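There are 2 protein chains.
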Amino acid sequence: MTRTDRTAGDTPITLSSLLSPRSIAIVGASDDPARPGHETLKALIAMGYQGAVYPINPKYPELLGKPCFPSLDAVPDPVDLVVIAVPAAAVPGVMEQAARRQVRMAVVMSGGFRETGDAGAALQDQVVAIARAAGIRLIGPNCLGFANIPDRVCAAFGSISRVPRLEAGTVSLVTQSGGFGYSLALACAEESIGFRYVIATGNEADLGCVDLIDALLDDPGTEIVMTYLEGLPDARALMQVGRKALALGKPLLVWKGGVTEQGARAAATHTGSIVGRADVYRALFRQAGIVELNEMSDAPDLVKAFQCHARYPGMGSGRRAAVIGGSGGSAIVFCDAASQAGLAFAEFQPATVDRVAALLPPIGSPTNPVDLTAGYIGIRGPKAYADVIRAVLDDPGVDTLCLNFASSSPAGTVAGAKFLVDMAGDLRKPVFVFSSMHKSLALEAHTMLRDIRLPVLPSPVRVAKAMGALATWAAAREAAARAPTAGQAPADGGAAAAPASLLQADGRALDEVFSKALLRSIGVRTPGEVMVPADALADALRLVQDIDGPYAVKIVSSDIPHKSDIGGVRLSVPAGAPLQAAIDGVVAACREHAPTARLQGVLVSEMVTDGFELLVGVVDEPAVGPVIVLGQGGVFAEAMGDSTCRVAPIDAAEARSMIDELRCAPILRGTRGLPALDIDAVVEVLVNVSAFAWAHHGVLAELDINPLFVRPAGCGAVAADALVVTHAPAQSSH
Amino acid sequence: MTRTDRTAGDTPITLSSLLSPRSIAIVGASDDPARPGHETLKALIAMGYQGAVYPINPKYPELLGKPCFPSLDAVPDPVDLVVIAVPAAAVPGVMEQAARRQVRMAVVMSGGFRETGDAGAALQDQVVAIARAAGIRLIGPNCLGFANIPDRVCAAFGSISRVPRLEAGTVSLVTQSGGFGYSLALACAEESIGFRYVIATGNEADLGCVDLIDALLDDPGTEIVMTYLEGLPDARALMQVGRKALALGKPLLVWKGGVTEQGARAAATHTGSIVGRADVYRALFRQAGIVELNEMSDAPDLVKAFQCHARYPGMGSGRRAAVIGGSGGSAIVFCDAASQAGLAFAEFQPATVDRVAALLPPIGSPTNPVDLTAGYIGIRGPKAYADVIRAVLDDPGVDTLCLNFASSSPAGTVAGAKFLVDMAGDLRKPVFVFSSMHKSLALEAHTMLRDIRLPVLPSPVRVAKAMGALATWAAAREAAARAPTAGQAPADGGAAAAPASLLQADGRALDEVFSKALLRSIGVRTPGEVMVPADALADALRLVQDIDGPYAVKIVSSDIPHKSDIGGVRLSVPAGAPLQAAIDGVVAACREHAPTARLQGVLVSEMVTDGFELLVGVVDEPAVGPVIVLGQGGVFAEAMGDSTCRVAPIDAAEARSMIDELRCAPILRGTRGLPALDIDAVVEVLVNVSAFAWAHHGVLAELDINPLFVRPAGCGAVAADALVVTHAPAQSSH
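These protein sequence lines map, in sequence, to chains A and B.
Residues 459 to 1192 in this note's numbering are what the first sequence spells out, letter by letter.
Residues 459 to 1192 in this note's numbering are what the second sequence spells out, letter by letter.
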């Protein structure tokens, strides 16, 4: 899954020319049904491909009724696309023939390249070099290939080439795993969702997943892009295509596999221990407006939800849901699920309640959830039902609506669908139907509702999840429209960057004194403090006379990142003799528990206690770069489990949204009679640390401000302890 | 949904006699297809019911080919079951006829009873009284009725009576919502799962959900009971049937609707704010070994998982999962999901790795996840595939196995299923198959695997969730077998109960002094402290001379539950003049901010700071009774979001399991060079508080020990603050 070279970006990819060939040659075509070269040929015939097909294999005069050619050179007419399904060692020779024939695109199915080791990697590099010199774009090697469903092109083997045949549509799928990725397509196909392109990328020697997403977004026939990906050499490139998708209004649905860490991360800081890969990718997706998939059923559900978004030009990011139905149980289950999906419960205006009440029998409920009572449509008729829906959708406090068909009979489901088709023009806000009737028994209803792009889902829980995803995406679009460049890397690395010379990639954990100096240089407040050098410890009391007690006393040694673990910290130390005793005590503890550590001295600080403890930190996530973390802080920061993160750099609005996500946000805003704390100061620290991290991208490995004491509004935030760790020169990740 | 009287328990219910009638009368049978009386008659004929059917309606000589009778009295032969589908007002008369005819069972479909108000409730009581006097058991009123699938009985209307017809099987469903509950049956039916009884309970005037579960567990034809329930007047009765199900080895699958609180709970304590209804029910289910459903697909998935448990007589509660397949992506997705489902990743023994390696091509992976490489079965043959599976299942470190068929072709899926059928006898641990192939295209494979009870699920995420549920249930069975009475209410309320006379249901928040006295009486340590009465404040320094400073100084007033909110608390106060100043200060704050509060005095305590802050508390949950809560404590306990709960009473083992669930458990066990804390002392507090809460069930409304300072192992735990709230006499919930 590693990509050796990147050329995308140099040359824009036009999918219509590459993936809609007028002629296809299959090198390695075969009469053995188990061989890829056979499967491709068979699929092209079965799908009814209209262009010319040239099987290539010296062993056969013809294959499946097509004349077979001994070599690519022997094909008399131009070849647009070559599918290569011969052993790896033979691939360079085929690619040279392809170059001579001015082929524009190649799919290399053969395995035996980079995935097998160094020799395979060299062979892969050779193939790419030939292709590149000839201007041939390449999918693979070691891939299932691609299909262009509307044009009946199948340059693929395995599941992509077999039944069930996908219907043509507007969803394009790019996957780094042929097997699992295609499962997503099958789950959609079962719900009659049609596809445009399906591409399995294999080793990505030339065209990678992100390049292809980028190109698919430019494809007029693609409305939604779905992706399964594992390896991602440059996650920032994914963010960029995410933003592009958002700007174009084409939802990008991504399943990221491999987010579970194998064992704990080896981190020097609290920050590094707190933030996991899944957290980072969730943040990245959120910042880029990428829609996350994490269950198979999400694929069809969210495609259905997003296919209807164009119907709601004024669709906002509102999360106030209403529900109408005759099954009390379904309404209760929807409410439980809505609450978990972050939806709010719509409260109707009095006028709405009156309108609905006039349409219901006395034992119905005209408030949300609206209980029509059992058999309502049969008794009151379809017009009354439609009027209830109109009344609810007219309420300005309703953003989205769930209609519970529940276990209505097939006939009832069809009747319900008919009313909705008749009133489709009035459905100006997202409307979902929950129906548990077998699709096979209510196929007519499903087809009618699909035609008006109204999503029918088989569980209220899935309705709530899809509603939540739609609102989150709409919110990302709104945010991107307000601040189109927010979250993108400023060219200059931000104004608050400390001089780069301060930081060197030498794999060190900087001591607290140096770490705090760095923070002060970017505008982060630290307590008044004095570093007493190791050779002046006897003179400590005189040196610290300008600092008011009580004191925090800590050893300073770049060999000891976790001072408190070895007894190297004393807090709330009074002035005078106790201070000298504390200094002597931490030095003794250091000598005893870390005898080989070099001791730079002892740091004596004003004791800061009057604030709420947060943690602000940075980790350098592979393939992502600097990630900024905010959480509840203190000695037990990990156990708090209250943190959030963003891909750096971030602006003030993004920093505020981080604070809003913390469980402790009510404390920061002032709770239980306590004053509001200085949220503005926290925002400033976050933005400055983010800019610093971005400016030192590749050098900074981890950064920890813990605790950051947040004081009442107007009184600032103070970094009481800090730790900066740099990459070793060879480990610099970018 | 309220149940007026309980008779179950008095008379054991034998379902075979009640739900397998030899003859059925339908009072209110009709020729109008929209009427319940028509639907029932039609369904009985369509299902092929073999007993006698008597439509009753004076308007018709015959209905659907059956002779129709003018009244129940006119039926010449014995009637076992009467279905009543006439207007509510006519139901008592019909019930009287039924009594005369010695009917044993009635299903009252008619609405218009308790659900409509007081008059309806009186009518319902009248119907129940007639039935009870005649020994008639009753389902309903206001219900869809029931079906007995193997015996082709349908005493139901609505979805239960319609297509699709359920197949006969061993799952029984009881639901308080006909509409939603039946959706669960439909979801199972789509997966070819068969049913025994399906019962919608309606108003539960006689037979309630829990009574019916109890009876179904005694039914030899029922292997699994599934329930959707909302209202539950006595959740402890559900716990009891849960334990019975566990003892019998019959899984009880419950979907509890209505767990989302509408708005925040009005609680006087931190404890009350922290614990939600969903948390309480999750704990209750866990304690009773009840399997929780919270998504529609859980119903078929978990039935499939549990239907196979009998195949694994030695199945343990192990959570170490292995995965075998040819799709790298599917394995990665399974690993991500397994981690979220609380499964561990099996590590193979060296001998297993060697055995598997000998069966794989060089580029395969013989460690977990096993990568067979694409096309493995075609190349190496089915025997090699079976040998890989045997090798993995033989490893003692493997508890459960997922086989990824992923998007294998229909033919490949069938081939894979055949190998599994051949080796079914060797599958001695739970094995699941993930296949994304349309069921319709691989029906043969699905049928073969269903016949050997091997679950095939359409997503690795769902496989992981089902594996987790199976292991959790097995663990509950093991725990119940070890300690069969654990978690059940001791008859005497436990040894540590404080004298009941101390507590009176007067709706008061007891002051800190009284609250702590209660705690001391049940063996909970509190700090050394002296209550300085309001009229002796000037003499405070002399009164507290036996207590060592620094001090915590707090006002005592039962009118002020949250002392710190009004400035009524001063901490770390030195001895002497500062102490007197602090006492005067809190009194002044009280006079200023709560001028009408009665001030009992000022409590001066030893300042406790040397421990980790936990919270231990009790809430009295409606229908459940006392629930014991443990969490991270302190002023901001709510923001910690780190808590767990159990239905009281609990024993020491259950208390330890609560500690294990906290995010801060590593801190209690000793982390970052800090000593292990006194977990035994926390266990003792939990058990004693639990016994106290149980003994004062109905009187105690809320209890809060916050913070409970936990000191290093052997040094105990100290309740630094406490608040006890009693129910008002009328609000006593039990």
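In short, the hints are calculated from the structure, not lab data.
Computed from a predicted structure; not experimentally measured.
Note that beta-carbon positions come from the ideal geometry of N, C-alpha and C, so glycine has one too.
Do not rely on the hints blindly, as some may be mistaken.
[To be verified] DSS-like cross-link-like pairs, simulated, lysine-lysine; straight-line CA separation at most 27 Å:
1. B:K841 <-> B:K876
2. B:K841 <-> A:K897
3. A:K500 <-> B:K500
4. A:K897 <-> B:K897
[Unchecked claim] Some chain B residues well away from chain A (every beta-carbon gap over 10 Å; in silico):
5. E648
6. M773
7. D812
8. R813
9. P840
10. D845
11. R920
12. D997
13. D1017
14. A1033
15. G1043
16. L1057
17. G1069
18. R1121
19. C1122
Taking the hints in turn, this is what the structure says about them:
Between K841 of chain B and K876 of chain B the CA atoms are separated by roughly 11 Å; this keeps the pair inside 27 Å, and the hint holds. For the given pair, K841 of chain B sits about 39 Å from K897 of chain A by alpha-carbon distance, which is inconsistent with the 27 Å threshold. For the given pair, K500 of chain A sits about 51 Å from K500 of chain B by alpha-carbon distance, which is inconsistent with the 27 Å threshold. In summary, the hint linking K897 of chain A to K897 of chain B is supported, as the alpha carbons are separated by about 13 Å, within the 27 Å threshold.
Under the 10 Å C-beta cut-off, the non-interface status given to E648 of chain B relative to chain A is violated; the minimum distance is some 6 Å. The Cβ of M773 of chain B sits about 25 Å from the closest Cβ of chain A, beyond the 10 Å cut-off, so the non-interface label holds. For D812 of chain B, the shortest C-beta to C-beta distance to chain A comes to about 22 Å, beyond the 10 Å cut-off, and the non-interface label holds. For R813 of chain B, the shortest C-beta to C-beta distance to chain A comes to about 23 Å, beyond the 10 Å cut-off, and the non-interface label holds.
For P840 of chain B, the shortest C-beta to C-beta distance to chain A comes to about 15 Å, beyond the 10 Å cut-off, and the non-interface label holds. Against chain A, the non-interface label of D845 of chain B holds: every CB pair exceeds 10 Å, the least being about 21 Å. With 10 Å as the threshold on Cβ separation, the claim that R920 of chain B sits away from chain A is violated: the shortest Cβ distance comes to roughly 8 Å. Remark: the non-interface label on D997 of chain B is consistent with the geometry, its nearest Cβ contact in chain A lying 30 Å away (cut-off 10 Å).
Against the 10 Å criterion, D1017 of chain B stays outside the reach of chain A, whose nearest CB is about 16 Å from its own CB. Every CB of chain A lies more than 10 Å from the CB of A1033 of chain B, the least distance being 15 Å, so the non-interface label holds. No beta-carbon of chain A is positioned within 10 Å of the beta-carbon of G1043 of chain B; the least distance is around 16 Å. At roughly 18 Å from the closest C-beta of chain A, the C-beta of L1057 of chain B stays outside 10 Å, upholding its exclusion from the interface.
The claim that G1069 of chain B is not at the interface with chain A holds, since no C-beta of that chain comes within 10 Å of its own (minimum 13 Å). Not every beta carbon of chain A lies more than 10 Å from that of R1121 of chain B, the smallest distance being close to 5 Å; the non-interface claim is violated. The Cβ of C1122 of chain B sits about 4 Å from the closest Cβ of chain A, inside the 10 Å cut-off, so the non-interface label is violated.
Checked against the numbered hints listed earlier, the structure breaks hints 2, 3, 5, 11, 18, 19; every other hint is satisfied.
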